[in-house]
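There are 2 protein chains.
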Amino acid sequence: MNSTALPLVVLSEHFAKLPGIGMKTAQRLAYHVMSMSDEEARSFADAIINAHSTVKECSVCCNLTEDDICPVCSDDRRDREIICVVETPRDIAAIERVNEYKGLYHVLHGLISPMNGVGPDMLRIKQLIARVSSGEVKEVIMATDSTVEGEATAMYVSKLLKPFDVSVTRLASGLPNGASLEFADEVTLYKALENRSEI
Amino acid sequence: MNSTALPLVVLSEHFAKLPGIGMKTAQRLAYHVMSMSDEEARSFADAIINAHSTVKECSVCCNLTEDDICPVCSDDRRDREIICVVETPRDIAAIERVNEYKGLYHVLHGLISPMNGVGPDMLRIKQLIARVSSGEVKEVIMATDSTVEGEATAMYVSKLLKPFDVSVTRLASGLPNGASLEFADEVTLYKALENRSEI
Numbered sequence: 066m067n068s069t070a071l072p073l074v075v076l077s078e079h080f081a082k083l084p085g086i087g088m089k090t091a092q093r094l095a096y097h098v099m100s101m102s103d104e105e106a107r108s109f110a111d112a113i114i115n116a117h118s119t120v121k122e123c124s125v126c127c128n129l130t131e132d133d134i135c136p137v138c139s140d141d142r143r144d145r146e147i148i149c150v151v152e153t154p155r156d157i158a159a160i161e162r163v164n165e166y167k168g169l170y171h172v173l174h175g176l177i178s179p180m181n182g183v184g185p186d187m188l189r190i191k192q193l194i195a196r197v198s199s200g201e202v203k204e205v206i207m208a209t210d211s212t213v214e215g216e217a218t219a220m221y222v223s224k225l226l227k228p229f230d231v232s233v234t235r236l237a238s239g240l241p242n243g244a245s246l247e248f249a250d251e252v253t254l255y256k257a258l259e260n261r262s263e264i
Numbered sequence: 066m067n068s069t070a071l072p073l074v075v076l077s078e079h080f081a082k083l084p085g086i087g088m089k090t091a092q093r094l095a096y097h098v099m100s101m102s103d104e105e106a107r108s109f110a111d112a113i114i115n116a117h118s119t120v121k122e123c124s125v126c127c128n129l130t131e132d133d134i135c136p137v138c139s140d141d142r143r144d145r146e147i148i149c150v151v152e153t154p155r156d157i158a159a160i161e162r163v164n165e166y167k168g169l170y171h172v173l174h175g176l177i178s179p180m181n182g183v184g185p186d187m188l189r190i191k192q193l194i195a196r197v198s199s200g201e202v203k204e205v206i207m208a209t210d211s212t213v214e215g216e217a218t219a220m221y222v223s224k225l226l227k228p229f230d231v232s233v234t235r236l237a238s239g240l241p242n243g244a245s246l247e248f249a250d251e252v253t254l255y256k257a258l259e260n261r262s263e264i
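Residue numbers (my numbering), protein chains in the order written: chain A, 66 to 264; chain B, 66 to 264.
Errors might be hidden in some of the hints.
Copies of the same chain look alike in the list, so a pair counts if it fits in one copy or across any two.
[To be verified] Capping the alpha-carbon separation at 30 Å, the derived lysine-lysine pairs in DSBU-like fashion look like this:
#: 1; residue 1: 256; residue 2: 203
#: 2; residue 1: 167; residue 2: 89
#: 3; residue 1: 121; residue 2: 82
#: 4; residue 1: 89; residue 2: 121
#: 5; residue 1: 256; residue 2: 89
#: 6; residue 1: 256; residue 2: 121
#: 7; residue 1: 89; residue 2: 227
It should be emphasised that the hints constitute simulated quantities derived from the structure, not laboratory data.
Remember, predicted model here, so these are calculated numbers, not experimental data.
Construct the complete structure from the given sequences, taking the supplied hints into account.
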C-alpha cells in the first residue's frame with residue numbers, strides 16, 4: 066500500500082528533476098510546500114510561471130532579461146569595445162559583484178562537452194562571431210571556467226575569432242586568494258609558477 | 066547595477082525559503098526553470114498548487130492524504146489496537162517500507178522543541194489523546210526520532226497517556242545494522258549495553 070498521497074508524489078518528482086536534488090530531498094521539499102500558507106504556495110507557483118514566461122535572452126548578449134535588450138547592453142556608460150564571454154548568466158552576476166569590469170558580456174549558455182552531448186552549435190557562438198564581425202569590438206575576454214570544458218571552449222572560440230582584428234584574452238590562472246600552497250593541486254601550482262610575475 | 070532579471074530574483078527567493086536550500090543553490094534552481102519547456106514549467110507550478118490545495122490531514126491520524134480518511138486508517142485489515150506515533154508523514158513511508166507493522170499511525174507534525182518555539186499545543190497531541198480515550202487502543206508505540214527533541218516528546222506524550230489503560234512503548238535503541246563499534250558514539254553504545262539481550 067502506498068501511504069503517500071498522489072499529488073505529493075507528483076510534486077516530489079518535479080522537485081527531483083531539479084539539478085542536485087535527490088528523491089529524499091525532493092520529498093522533504095514537497096512536504097514543506099504542504100506547510101506553506103495558501104498565499105505562499107500560490108506565489109511560489111506564480112513565480113515559476115512568471116519567470117519562465119517573461120524572462121528571455123537579450124537579443125545582443127544572450128543574458129537572461131525581461132526586456133528585449135538587457136540593462137548591461139543598453140547602458141551607455143559601458144565600454145562597447147570589450148566583450149567578456151561567460152558560460153551562464155550567473156557568471157555575469159559574479160563578475161558584476163567585483164565592480165571592476167565595465168565592458169559588455171556574451172553568454173554562451175553552456176560549454177562544449179562531447180561527453181554530455183553538447184556541441185558548439187548548441188551554444189551562442191554564432192551570435193558572438195556576429196557581434197565581433199561588426200567591427201566595434203577590440204578585445205574578447207574568455208571568462209569560461211578553469212575546467213577541461215571551459216578551457217576547450219575558450220580555445221575553440223578563440224580560433225574562430227582569429228580572422229578578426231580583435232585581441233582574445235583569458236582570465237589569469239593561479240592560486241586563489243587565501244590559498245595555502247600545501248593544499249593547491251598540481252595543475253594550479255604549475256600555472257601559478259608558469260605565470261609568475263615580478264614583484 | 067543588478068544584472069539579474071527581477072522575476073528570476075523573485076523565483077530564487079522562493080526556492081531559498083525551502084529547507085536546506087541556500088541562496089546560491091536557489092539561483093541555480095531558478096536558472097534551471099528557465100531551461101524547462103513551457104509545459105514542464107506549467108506542470109511544475111500546477112503540481113505545487115494541486116498538492117497544496119488537494120492534500121490535507123486525515124481526520125483520524127493527521128497523515129497527509131487526498132481523502133477525508135487516509136488509506137491506512139480506512140483499511141479494515143489494519144490492527145486498530147496499536148497506534149504508532151511519528152513526527153512526520155515521511156516517517157510513515159519509512160515504516161511502511163519495512164512491511165512489518167500492521168497497526169495504525171498518528172502523525173504529530175513536529176516535535177516539542179522550546180529552542181525552536183514549538184510547544185506541545187502546536188502538535189497533534191490532543192487528537193492522539195482523544196483516539197486513545199475512545200478505549201479501543203491497547204498499545205501506543207512512540208516512534209519519534211532518537212534525538213533530544215524526539216525523546217522529550219516521547220516522554221511528554223507517555224506521561225499524558227498514563228491515566229489510560231494502554232501500554233506505551235518506545236522503539237529500541239542500539240547499534241544500527243552494519244555499524245562498527247569503533248565508530249559508534251558514546252550514547253548509542255551506552256544504550257546498546259544497557260539494553261543488551263540474551264543470545
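- Evaluate residue 89 and residue 121 at a C-alpha cut-off of 30 Å and name the case that applies: within, between, both or neither. between (32 Å within a copy, 21 Å between copies)
- Message: As a check of your reading, is residue 89 near residue 227 (CA-CA no more than 30 Å) within one copy, between copies, both or neither?
- Response: neither (49 Å within a copy, 36 Å between copies)
Problem - Same-copy or cross-copy closeness of residue 256 to residue 121 [CA-CA at most 30 Å] - result: neither (38 Å within a copy, 59 Å between copies)
task: Can you give me the call for residue 256 and residue 89, within, between, both or neither, at a CA distance of at most 30 Å?
output: between (41 Å within a copy, 28 Å between copies)
At most 30 Å between CA atoms: does that hold for residue 167 and residue 89 within a copy, between copies, both, or neither?
between (44 Å within a copy, 24 Å between copies)
Within, between, both or neither, where residue 121 and residue 82 count as close if Cα-Cα is 30 Å or less = Close inside one copy (22 Å) and across copies (25 Å); limit 30 Å.
Q) How do residue 256 and residue 203 come out at 30 Å by Cα distance, when the copy is not named: within, between, both, or neither? A) Close inside one copy (27 Å), not across copies (72 Å); limit 30 Å.
Checked against the numbered hints above, the structure violates hints 6, 7; every other hint is satisfied.
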